[in-house]
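Colleague: If you want the building blocks of each chain, they are given just below.
Protein chains: 2
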Amino acid sequence: MSDVTDISAKDVKALRDLTGAGMMDCKKALTETSGDVDAAVTWLREKGIAGAAKLAGREATEGTVQSYIHANGKIGALVEIDCNTDFVARNEDFVAFARDIALHVTAAQPLYVTEDEVPEDARAEELRIAASQLDNVPEHARERAAQGKVNKWLEEVVLLKQRHVNEDKYGGKTIEELRAELSAKTGENVVIKRFSRFAIGA
Amino acid sequence: MSDVTDISAKDVKALRDLTGAGMMDCKKALTETSGDVDAAVTWLREKGIAGAAKLAGREATEGTVQSYIHANGKIGALVEIDCNTDFVARNEDFVAFARDIALHVTAAQPLYVTEDEVPEDARAEELRIAASQLDNVPEHARERAAQGKVNKWLEEVVLLKQRHVNEDKYGGKTIEELRAELSAKTGENVVIKRFSRFAIGA
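Chains as they are written, first to last, in numbering that gives the first Met the number 0: chain A, 0 to 201; chain B, 0 to 201.
Just so you know, these hints were derived from the structure itself, not from any lab. Careful: at least some of the hints might be erroneous.
Heads up, the list lumps identical chains together, so a pair's fine if it works in one copy or across two of them.
[To be verified] Here are the simulated DSBU-like cross-link-like pairs (lysine-lysine), alpha carbons at most 30 Å apart as the crow flies: (1) K9 to K73; (2) K168 to K73; (3) K73 to K172; (4) K192 to K26; (5) K27 to K46; (6) K26 to K184; (7) K73 to K184; (8) K73 to K12; (9) K73 to K160.
All chains should be built: construct the whole structure from the sequences, respecting the hints.
Modeller: Laid out in structure tokens, this is it:
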């Protein structure tokens with residue numbers, strides 16, 4: 000039997016801020032999880048009460064900086080992955096995720112984190128090149144074909160659209176899919192903020 | 000007694016290319032070092048025959064990428080340090096130097112590697128601010144005083160002009176001094192090519 004009186008108003012407020020769920024739901028969640036706020040977030044998410052929308056809107060001001068240096072010392076990457084709380088930032092899974100992203104960046108050479116970051120002129124140039132390669136495509140199908148080529152290019156250069164290079168571990172999932180999974184698991188907004196990749200002679 | 004006939008024309012040519020020293024000096028250096036080209040470079044440098052100028056002119060196309068992540072996972076840096084040969088790039092001292100530069104960058108927050116990289120407008124803005132703070136300085140001394148303030152600012156933001164944060168280990172030497180020492184020790188052109196520094200919330 001849970002004792003409702005153990006639940007502090009402060010925890011209820013924190014949980015409401017974290018999830019956007021109503022007061023009664025938050026009290027119930029905390030009761031079910033013996034007052035553990037993080038577990039209560041998960042409980043609310045599992046019940047579909049705490050929406051991902053609310054989580055996505057929370058500012059990601061905590062996080063971790065991690066790196067990967069290839070064994071030969073010729074290539075390496077630095078990444079910053081943000082989340083909402085220091086608690087999650089220090090979580091083993093979160094740090095491991097950040098390191099795996101650094102490894103991925105080292106190998107997969109993305110140019111941008113998100114599609115939004117792709118400069119308009121780079122995209123226009125890619126579209127121009129794509130269009131110039133469609134002489135054998137019927138006139139009416141060219142626009143769609145060119146856009147298809149540009150989408151393929153975006154999947155190569157945008158980190159979130161790339162499939163993680165470690166196929167054995169991640170089964171061909173995209174970085175965005177892995178990010179979303181970690182977000183659901185931690186109940187926090189996980190943001191791949193930035194990366195830097197250096198290679199000798201490049 | 001050294002045997003001069005052991006010295007190959009190929010090694011003499013390599014040594015001349017490496018150091019810019021004359022043929023007779025190179026033969027003598029190789030004789031003194033039993034034909035060891037790397038030792039001969041050091042010998043020539045020690046004798047003041049191989050100029051640093053020549054070394055500095057050699058293209059630094061090899062190197063190492065190293066990183067430092069602070070224990071709290073909130074700050075980290077990635078650096079690329081270049082040299083002339085893969086042999087030196089894999090050298091323990093060289094890699095340790097690169098890691099110590101990454102640690103330094105993490106702590107000291109430089110903005111540029113060299114003074115040449117400081118944008119003209121950033122320098123002009125700094126000079127303008129400095130000039131505005133000299134009301135108590137006599138008119139004729141103001142230009143020099145303002146320049147002094149700018150130089151002080153450069154020592155704060157230019158990596159090569161900063162003193163290494165590990166004073167116990169490096170005794171207050173600047174990064175440029177440490178770079179030059181490593182260059183002399185390895186007989187190669189050591190170039191701090193670039194760095195990247197991430198901090199959570201910055």
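Colleague: Next, verify each hint and record whether it holds.
Modeller: For each hint, the structure was consulted:
no.	hint	result
1	K9 to K73	between (51 Å within a copy, 28 Å between copies)
2	K168 to K73	both (24 Å within a copy, 26 Å between copies)
3	K73 to K172	both (27 Å within a copy, 27 Å between copies)
4	K192 to K26	neither (34 Å within a copy, 56 Å between copies)
5	K27 to K46	within (11 Å within a copy, 82 Å between copies)
6	K26 to K184	within (21 Å within a copy, 67 Å between copies)
7	K73 to K184	between (34 Å within a copy, 22 Å between copies)
8	K73 to K12	between (50 Å within a copy, 28 Å between copies)
9	K73 to K160	both (25 Å within a copy, 26 Å between copies)
This entry does not satisfy hint 4, going by the numbered hints stated previously; all others are met.
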